[in-house]
Amino acid sequence: MSTEANKAVVTRYWQELWNDKREEVIDEITSPDLRFHFPPGQAHQPATLHQWFTTSRRAFPNVRFTVHDLLAEGDKVVARWSYEATQTGEFLGQPATQKQVTDQGLNLFRLEDGRIVEMWMSGDSLGLLRQIGMLPA
Amino acid sequence: MSLEANKAVVRAYVDAILVKRDFSKFPDYTAPGFYIDRSAVPEAIVGENALHSQMDMLYGAFPDLDLKVVDMVAEGDKVVVRFEAPGTHQHPFAGIEGTGRRATWKGLVMYHVVDGKLTEAWANWDDWGLINQLK
Chain A
365 MSTEANKAVV TRYWQELWND KREEVIDEIT SPDLRFHFPP GQAHQPATLH QWFTTSRRAF
425 PNVRFTVHDL LAEGDKVVAR WSYEATQTGE FLGQPATQKQ VTDQGLNLFR LEDGRIVEMW
485 MSGDSLGLLR QIGMLPA
Chain B
8 MSLEANKAVV RAYVDAILVK RDFSKFPDYT APGFYIDRSA VPEAIVGENA LHSQMDMLYG
68 AFPDLDLKVV DMVAEGDKVV VRFEAPGTHQ HPFAGIEGTG RRATWKGLVM YHVVDGKLTE
128 AWANWDDWGL INQLK
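So the protein sequences, as listed, match chains A and B. Per my numbering, the very first residue in the first sequence carries number 365; after that it's consecutive. Per my numbering, the very first residue in the second sequence carries number 8; after that it's consecutive.
Since no wrong hints were added, every one of them can be taken at face value.
A short, non-exhaustive set of chain B residues, derived as facing chain A with CB atoms under 7 angstroms:
#1 S46
#2 A81
#3 W135
#4 G136
#5 N139
Partial chain A-side listing against chain B, Cβ under 8 angstroms, derived:
#6 P403
#7 P404
#8 G405
#9 D433
#10 L435
#11 V442
#12 G469
#13 L470
#14 L472
#15 W484
#16 G487
#17 D488
#18 L490
#19 G491
Source of the hints: derived by calculation from the structure; they are not laboratory data. Positions of the beta carbon are idealized from the N, C-alpha and C atoms, including for glycine.
Start from the sequences, fold in the hints, and give me the full structure.
This is how it looks when you write it as structure tokens:
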């Protein structure tokens with residue numbers, strides 16, 4: 365696959381999955397053995413993307429991502445993103461706070477045959493937990 | 008500048024500034040006004056002195072910090088680095104006295120390279136994970 369084709373797959377990840385909330389896209393754009401590489405401090409480390417999506421739908425149903433940069437080389441694609449959301453449901457044991465939250469980060473994806481097979485995440489869990497009051501600001 | 012040239016600038020910056028902390032070379036790799044947007048910190052790190060004090064604080068707490076570039080992805084005028092930095096927590100960090108524990112700080116950083124110099128960076132370092140490894 366070309367780098368442009370790989371970028372198109374990653375664009376579907378942000379737009380169709382996370383912004384349009386189409387869960388079925390997971391099975392179209394990711395490998396069944398998708399490997400996550402969470403930083404040790406990531407607050408939420410779900411086993412599967414389906415679990416992650418379900419948690420997000422419950423806790424932050426209006427989450428909206430903006431992709432600020434998308435670049436690709438070889439079999440890798442990197443997105444620089446930010447999101448805005450409201451915590452209207454339970455998250456990691458914290459009941460809904462109705463708080464507006466925002467975060468920014470970078471994701472590095474590796475693709476094979478048009479599917480995402482590996483993903484390295486970096487967000488600001490410290491900032492997120494402070495915004496919803498689970499940690500002192 | 009080619010992708011390889013941009014990657015070489017980023018590698019040279021990492022080695023000279025972040026690893027060896029030879030800040031006399033800071034102007035060789037960064038443009039005036041270079042800043043690092045770090046979401047975990049409300050203010051961006053702007054300029055040489057701010058970065059220097061951050062690095063001194065980090066290496067002060069983890070004197071054997073081994074900051075390594077484990078992956079690079081580049082396109083156009085952007086270079087992304089995936090870092091892993093294992094080290095031993097020997098002195099206070101984030102209010103935690105030295106524990107002697109081994110911990111690894113991980114990060115993804117995007118650099119914008121213009122005419123051979125870094126103009127801005129977006130850095131996501133796993134500070135919360137590093138702090139948790141010391142508890």
